[in-house]
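These protein sequence lines are chains A and B, in that order.
Just so you know, we're using the working numbering here: the first sequence kicks off at 1 and counts up by one.
Just so you know, we're using the working numbering here: the second sequence kicks off at 1 and counts up by one.
Calculated from the structure, these hints are not laboratory results.
Please note that a few of the clues may not be correct.
Unchecked claim - Below, in silico cross-link-like pairs of lysine-lysine (DSS-like), each with a Cα-Cα straight-line distance of 30 Å or less:
{"hint": "1", "chain 1": "A", "residue 1": "79", "chain 2": "A", "residue 2": "166"}
{"hint": "2", "chain 1": "B", "residue 1": "144", "chain 2": "A", "residue 2": "26"}
{"hint": "3", "chain 1": "B", "residue 1": "107", "chain 2": "A", "residue 2": "162"}
These numbers come from a predicted model, not from an experiment.
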Amino acid sequence: QPEFFSVRTMAQTKTLIRQGDRAFEKVDKINAELFTMSYGALVTQLLKDSNGDCDAVNQQLDSIGYKIGVRLIDEFIAKSSAPACRNFTDTAEVIAKVGFRMFLGVTATVQGWQEDGRQYSLILDENPLNQFVELPEKYKGLWYSNVLVGVVKGALEQVMFKVDCKFERDALRGDDSTELKVTLQEVLRENMENFD
Amino acid sequence: STVGGCRMIYALYIFNRTGSCIHFSEWHRTRPVPNAEQRDQEFKLMAGFLYSLKQFITTLSTKKENDSLICYKTNKYKLHYYETATGQRLAITTDLTVPDMRDELQKLYSAFFVEYVIKDPLYTPNTVISNPLFKENLDKWIKKLPAYATQPPYS
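Please model the entire structure based on the sequences and the hints provided.
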């Protein structure tokens, strides 16, 4: 791991895991199967509406996720006691251990740090969205859980990190794991237009 | 402390990250009611002032970490401030006898703002809040707070 990453020690990660569990307990929950089925129905409908155009559906899932993300971040901040991320590198473990846990019920692992600290990957061993799902050959171009990509982008943008996020691998496509790559594009500055 | 004074909450402002006022409530107003334009001026002034105050605080800060504004006090009122990482800014003015309202502001944010505004599918983020449920429930809750007195102060 690059040097700067040692800022996050094992103890801090353990704290985040605990915070994630506590946050998970606090939020309202719905039946997991209902959640999975609803998402599946959404994706199926999008595929139907676009006549099987995987790229278009990927786009739509991304933008649906974005609209969720810009709101979800406020609930995350309000309900989890996770500390504010002072820089981009902090966001990785907070998203993986607290964010995912709170909203998806599972934690992710952080890997694949780029040397300059502007890119990391979130590895999901378990993805509740793709329970019971099989991806037919003709939809191999689909990133089934692409809504997550949008959520990460939307949420991080509200805390001033403009990022690019995309799937690198998906277990649903036959890859050995599910990997989301998050790349920092820029740190946004406060827009001062209304403060004159 | 003031003779005949009692705990009082005067007004609540909520600003978004770009400084627009997305919500304003007031109780126990004794000054004359301003018209819409004066209102807008007041909001702009308040937003700009809070922003400048924050910048000022950070510049004067004795420590390297970011300092944050908690409250300021004049001889007539106190202003309590709470800002989230997402740039939502809550400011509540109260009389001088009210102790720190940070917890209440936190509660306001999580129990009312997040539940009635953020989670409202009809609400576009960063626009003025028009959800009546938010206003009603917020109002009810504020009026139950120990900091809110039922009698206006003797002036």
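A quick look at each hint next to the structure:
1. A:79 with A:166: holds (26 Å)
2. B:144 with A:26: holds (24 Å)
3. B:107 with A:162: Between residue 107 of chain B and residue 162 of chain A the Cα gap is close to 29 Å, so the pair holds against 30 Å.
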